[in-house]
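Student: Below, each chain spelled out in residue letters.
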Amino acid sequence: MLLQVLVSGIAMGFIYSLVGYEFTLIWNAASLINFAHDKFIMISAYIFAGTFVIGLGTNPIVAVIITLIIMGVFGALVAVGIFNPLRNMPSDLYAVTGTLLLARILAELTRLIWGPVPFTIQNFITGVVHIGGIVIPQINIAIIVVSVVFLIFLQLLFKKTKIGKAMRCVSQDKTASSLMGINVQRYIIFTIALSTMICTVIGILIIPTFMVTTDMGSMIGLKGFAASVVGGFGILPGNIVGGMTVGILENLSILVLPAIYKDVVAFVLLILFLLIRPNGILGKRKD
Amino acid sequence: MSNVHDNVENSLVKNEYTKSKYIVFLVLVILASVLPFFTTNTYYIMLFDQILVNIIVVLGFNFITGLTGQMNLGTAGTVAIGAYITGLLTVRCNISPWIALLLAIPAGYLIGKGLGYPSLRLKGFYLALTTIGFTVIVQLMVTNLSDLTGGTQGVQRIPGFNLFGISISTNESFYYFLLVCVIIAVLISIKIIYSKWGRAFKAIRDNIDAVEACGIDVADIKIKAFTLASIYGCIGGALFANLSGYINPGTFGIDMSFNFLIMLMVGGIGSIGGSILGAIIVTMLPESLRFLQDYYWLIFSIIVLIFVIFQPNGLVELFNKIYKAVKSKLLKKKGGDDIVDHSKVK
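Chains A and B, in that order, are what the protein sequence lines are.
Taking our numbering, I'd label the letters of the first sequence as residues 25 to 311.
Taking our numbering, I'd label the letters of the second sequence as residues 871 to 1216.
Hints are not guaranteed to be accurate.
Claimed, not checked - In silico DSBU-like cross-links for lysine-lysine, where the CA-CA straight-line distance does not exceed 35 Å:
{"id": "1", "chain 1": "A", "residue 1": "Lys183", "chain 2": "B", "residue 2": "Lys1199"}
{"id": "2", "chain 1": "A", "residue 1": "Lys286", "chain 2": "B", "residue 2": "Lys1072"}
{"id": "3", "chain 1": "B", "residue 1": "Lys1199", "chain 2": "B", "residue 2": "Lys1072"}
To be verified - Pair ranges (Cβ atoms, derived):
{"id": "4", "chain 1": "B", "residue 1": "Ile1176", "chain 2": "A", "residue 2": "Leu80", "range": "30 to 36 Å"}
{"id": "5", "chain 1": "B", "residue 1": "Gly1120", "chain 2": "A", "residue 2": "Met113", "range": "31 to 37 Å"}
{"id": "6", "chain 1": "A", "residue 1": "Lys186", "chain 2": "B", "residue 2": "Leu980", "range": "50 to 56 Å"}
{"id": "7", "chain 1": "B", "residue 1": "Gly1120", "chain 2": "A", "residue 2": "Pro261", "range": "36 to 42 Å"}
{"id": "8", "chain 1": "B", "residue 1": "Val1050", "chain 2": "A", "residue 2": "Asn207", "range": "30 to 36 Å"}
{"id": "9", "chain 1": "A", "residue 1": "Ser202", "chain 2": "B", "residue 2": "Gln1023", "range": "24 to 30 Å"}
{"id": "10", "chain 1": "B", "residue 1": "Thr1022", "chain 2": "A", "residue 2": "Gly139", "range": "22 to 28 Å"}
Treat the hints as calculated values from the structure; they're not laboratory data.
From a predicted model like this one, the values you see are computed outputs, not experimental measurements.
In this text, a Cβ means the ideal position worked out from N, Cα and C, and glycines have one as well.
Start from the sequences and build out the full structure, keeping to the hints where you can.
Tutor: Here it is as structure tokens:
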């Protein structure tokens, strides 16, 4: 029982880590929080499941690739159309409001295009695996494997490639990077597109657990924020630590607390960390 | 307020306010008080009531987000707590709604201090994150503690107010009661905005380092602004419970917080007039777009998004521009020179 709970905690932890990763990228690159990220997650699930796998009967692997490309382009468009104008406004309020409105528009569009009824893909990574005495849902294994591969890929991208290095430069110091001949505007767009693609991966991975609904990403999106603060806001590895902490503690809480409090755990952790250790587990004390 | 300079500046700003804006405010109050005579449709009266409740909440929200510039997304949570205090005390304990309304004030104070303390000592987005978390927790708790709160069924048959034996529970009479509440809320807001606190709020938004250099406790002032916002929110929630007579957890989601934010942005951040305008427009506009049927909420969101990008200072800025243009034209006719700077009046 304990091991089972731990495995599902780790799986959810990876999801929260990815959420944290995805919005920390935008935060570092454009210093704004993308409050529409849960809708990005939701709309990629709809495109993948609603349009390709169910609508057109595409092979899931092909559908994943097409959805990733569509969402990447979509992310770039959003960056050009909404994030760039809002980034330069005198106050953060505009950016927050802009992303919130974008979220609403996406939710409404989804409802109009795919209808309000929740659905799911039949036989898409379902079933369980027996390892020793414990029963693990296949989806949890899939989440862990895909997340690990994807996080390694991201790490390689940031450390080894020119694009990744340029992205890191832009997030550290925009003036210096533009002096070094990096097109800051373009790399911000790249970063936001990449972040949107992470949302796509999350969206596809959570289909079996959460079904495809208009608010499938809401809770995960909010807990991703909490995970990020717990791990250390703005630090990429902090998201993994925070995600794991929130995911595992939340699942362990079922063993001691009534199940209804499971969703509260992440936010209690958030407030506790702000009180005791505002820089997070990995954060350094600045002053 | 021992500083002489402070007093001089204060009185200057105040005078300016008295001259033009109080007249506008008075006209608005008169217009608002005759409004119910023009319609017999109860739905519209209900909508007007809703607008007045929203005005109170947005006025409070304006302190923390508009004036101080800190993102607060927990309005729905505070409104929910205010509403449930009234709902539960009046229905379960048979306590008079007046006492419940008064209890909303300490409740708001506690929320403000409790949430403000962890999140406002730090710079950045932390308040936005904690307040989102707060709203989610409140909604989850209210939904799941069904023994206490009635769960998804909500609280029904919340009684209306009674004033010296006269019931003010019809929509029309409640409208006037709310109007009085709004007037009090506006007057208190004006008092605060043109006080030492109000100036500190604006200074934090404009240049936080300068405020710190002046020896003002930034965290303390921010927490004060947030506490004011929660008190207004709780009162708004209590009135909302009395207005609709029925509350359920579904109403108080994050979406409600966004709505108040949109009201503030559309009206114009940091301004009382803007808060009022925003509350009116954002409550009315979706209703007037109903003819678009399924698409009305989509079109409404797109209109607001375009508006926020191209008119970031809100409707109030538009009105101010028109006012300035008219005034400078009039002054030119008289041969007067430069007009008074109105950018101070917010």
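Student: Evaluate each hint against the coordinates.
Tutor: Going down the list of hints, with the structure as the test:
1. Between Lys183 of chain A and Lys1199 of chain B, the direct Cα distance comes to roughly 62 Å. Violation of the 35 Å bound is thereby established for this hinted pair.
2. Note on Lys286 of chain A and Lys1072 of chain B: the hinted pairing is violated, with a Cα-Cα distance of about 40 Å set against a maximum of 35 Å.
3. Only pairs whose Cα atoms come within 35 Å are accepted, and Lys1199 of chain B paired with Lys1072 of chain B is accepted, the gap being roughly 31 Å.
4. Distance hint check: the CB atoms of Ile1176 of chain B and Leu80 of chain A are about 33 Å apart, consistent with the given range 30 to 36 Å.
5. Between Gly1120 of chain B and Met113 of chain A the beta carbon distance is about 33 Å. The supplied range of 31 to 37 Å therefore holds.
6. At about 54 Å, the CB distance of Lys186 of chain A to Leu980 of chain B agrees with the hint of 50 to 56 Å.
7. In this structure the hint that Gly1120 of chain B and Pro261 of chain A lie 36 to 42 Å apart at CB holds, the actual value being about 38 Å.
8. For Val1050 of chain B paired with Asn207 of chain A, a C-beta distance near 59 Å fails the hint of 30 to 36 Å.
9. At about 58 Å, the beta-carbon gap between Ser202 of chain A and Gln1023 of chain B misses the expected band of 24 to 30 Å.
10. For Thr1022 of chain B and Gly139 of chain A, the hinted distance range of 22 to 28 Å is satisfied, since their beta carbons lie about 24 Å from each other.
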